[in-house]
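In order, the protein sequence lines correspond to chains A and B. Our numbering puts the first sequence at residues 7 to 201. Our numbering puts the second sequence at residues -5 to 150.
Please note that the accuracy of each hint is not assured.
Claimed, not checked - Using 16 Å as the maximum straight-line C-alpha spacing, the simulated EDC-like pairs for lysine to aspartate or glutamate come out as follows: (1) A/201 to B/127; (2) B/2 to A/146; (3) B/7 to B/113; (4) B/64 to B/24; (5) B/2 to A/28; (6) A/74 to A/26; (7) A/201 to B/103; (8) A/14 to B/112; (9) B/42 to B/147; (10) A/185 to B/63; (11) B/139 to B/86.
As the list claims (entries may be wrong) - Listing some non-contacts, in silico: residues in chain A with all C-beta distances to chain B over 12 Å: (12) 34; (13) 63; (14) 130.
If you're looking for bench data, these hints aren't it; they were derived computationally from the structure. Keep in mind it's a predicted model, so treat the numbers as computed, not measured. By construction, the Cβ of each residue, glycine as well, lies at the ideal position given by its N, Cα and C atoms.
One letter stands for each residue in the lines below.
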Amino acid sequence: MDNNINFKNIWQQQKVNPPDMDDLHTKVKQYKRASLRKQIFYNVVLAATFGFIIFIWIYYQPQFISTKIGIILIVMAMVIYLFSYNSMLSILNKIDNTQTNSKYLQSLRTLNTKQKYLQTTIMSLYFIMLSIGICLVMYESASKMTVFWASVTYICTLNWIGFNWFYIRPRTIKKQQAKLDELLHKFEAINQQLK
Amino acid sequence: MDFNEIYKTYWQKIFRLCMGYVNNFDLAQDLAQETFIIVWQQLPNFRKESTVQTWIYRIASNNCLRQIEKEKRITKADLPIGFKDECQESLEPQIKMLYKFISELPETDRIIISLELEEINQAEIANIVGLSETNIRVKIHRIKKKLTQKFKERGQ
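Chain B extracted, bound-state conformation (with noise of 0.2 Å):
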């Protein structure tokens, strides 16, 4: 497999699953980064007992877990409010709310609704998060309630 390749397809891809989870551009690109740093070092051993997919996607999500423990750079993260905050500004308010209402989540809701979201199947995001697909469904369904509520609330 090649990590260039990989770099290409998944980039995207990751970079929004990190971004529902933290809501901060800068924030969420350092974790992206991370994240394939991590991919680069360990495509060496990967066995394909999964698909590659998800195995990048246990990477990525296991790298935002890790999150709390460098709670610390993310003030680092937010003094910088600059030239970068201007391409969000652009952005329509609906993407910027969704983001937002999912990083208010619980940190596996996070994960699991930007699986959904990026249209993987919930066997695979049961493989990844480690639960039942009968719980990851449910769990799905509650989620889209929960972010449906927040967007009727705000008059979308």
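With the rest of the complex left out, here is chain A (with noise of 0.2 Å):
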């Protein structure tokens, strides 16, 4: 079938020079360093943001346990949405890639509606907290205030915390999940052709 073309022939003069073994060496070294860079890199944000906290802690001498409170929630929001935003990216790294093409389009698939759920779920969890944060970090100052100034205050913060729930998480949410979505159905898309 053919028909005279040899394409192995023709496939197999396409020759390169396999690159120095000690290139790949460079590679693998840089490929570690990096991942114990990152690994670095977040002990170092873990214990500075504690150190803030602690800073906080001692500088401002808060007396409400609910000024308290609210510190932990907003510095708990942020750890936690930083940590997942890199366990989410380590999860891909983690799939079998020597199964075969079939399971592993399968498997990438699964992956990337589970990120997807997790990413809307964290990015709620994240301003849930944060808001809840403030306004009980402002209840302290706010209560020497008189009604009327403790009240704008709120009112401000409120709107403010309203605005980034109503239009900027699901902004956000919305382009997180077009890119996932693109993926997921390019993997799609090379799965039909396997059936």
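Dock chain one against chain two, each of which comes alone in its own frame, and use the hints as you go.
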């Protein structure tokens, strides 16, 4: 059926010099170093966050328990966001890449769906924790204001939170989802080829 | 199994598979190198449930399939058109054409035909891709027909 065209022969004429083994070893080392650097980075960030909490605690001496809880909530929200984002990236690298193509495509798809769910949940959790945290932290200073100014402060803050929740949050989620959806569609299309 | 030995035996073959997939010299080299980094990482976990060859080709083809996630990089690899392209220029037009035509096929077909042209038997291809042997045979037949037609249209 080849109709006299010897594809195998043509195919195998494409030659390339294998890069130096050293080159590959350097790449492997770079790779190792990069993952180590990432680990160090996250540990430093974590340590810095806790340092920051302790600093605020000592410096401002919050009297109310609400302020303390608020600070913890805000910082926790940031940490959760940072770590989940990072772990989501590494989830993708955990797929077994020695399975058959069709199984591999299936796991990529399942993973993307999971990722999609995680992103939405974590994004919402982040905003909720942040909002509650801010409201709690404000309470201590608001309690020292007149009722009028306290209300003004809270109304402004709640407006800002509402803007974040109803405008920024859905927009961010939509943007993230669009990227994932595009990938999902592509994987789906490739998977269809194997049907 | 010695990594250096695997590297020597399979570099050329894996490069051709990647080249057939993307038809871009630099990118194919990157993909091949990524494959070998994965091989290097996974080698201690290799359980001999399949042959080394099947195992390596699975890693390589899966890595190619993952390529769409990193598509931004293509534009990056496309940028430095320069010296390296010259070695492609010197290739016979037939070779260039074959790789071009293959890279225009649907993704999984590119992998299947590349493996066939590497003279891997159809049972093993079936085992790499995850389809039945019959299915693979039919697909190879169709792909070859399509390629022959394309070659003929170009007056070869």
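Here is how each hint holds up against the structure:
1. For a cut-off of 16 Å, the pair hint linking residue 201 of chain A to residue 127 of chain B stands: about 14 Å separates their Cα positions.
2. Restraint check: the Cα-Cα separation between residue 2 of chain B and residue 146 of chain A comes to about 69 Å, which exceeds 16 Å; the hinted pair is violated.
3. Between residue 7 of chain B and residue 113 of chain B the CA atoms are separated by roughly 10 Å; this keeps the pair inside 16 Å, and the hint holds.
4. For the proposed pair residue 64 of chain B and residue 24 of chain B, the alpha carbon gap of about 12 Å is at most 16 Å, so the pair holds.
5. Restraint check for residue 2 of chain B and residue 28 of chain A: the C-alpha separation of about 13 Å stays at or below 16 Å, so the hint holds.
6. With a C-alpha separation of about 58 Å, the suggested pairing of residue 74 of chain A with residue 26 of chain A is violated against the 16 Å cut-off.
7. With a CA separation close to 12 Å, the supplied pair residue 201 of chain A and residue 103 of chain B stays within the 16 Å bound.
8. A distance of roughly 7 Å separates the Cα atoms of residue 14 of chain A and residue 112 of chain B; the hinted pair therefore holds under the 16 Å criterion.
9. Between the alpha carbons of residue 42 of chain B and residue 147 of chain B the distance comes to roughly 45 Å, so the proposed pair goes past 16 Å and is violated.
10. The suggested pairing of residue 185 of chain A with residue 63 of chain B holds, with an alpha-carbon distance near 10 Å, which does not exceed 16 Å.
11. For a cut-off of 16 Å, the pair hint linking residue 139 of chain B to residue 86 of chain B is broken: about 22 Å separates their Cα positions.
12. A beta-carbon of chain B is positioned within 12 Å of the beta-carbon of residue 34 of chain A; the least distance is around 6 Å.
13. With a minimum CB-CB distance of about 43 Å to chain B, residue 63 of chain A clears the 12 Å threshold, and the non-interface call stands.
14. Taking the minimum C-beta to C-beta distance to chain B, about 25 Å, the non-interface status of residue 130 of chain A holds against the 12 Å cut.
Comparing the model with each numbered hint stated earlier shows that hints 2, 6, 9, 11 and 12 do not hold.
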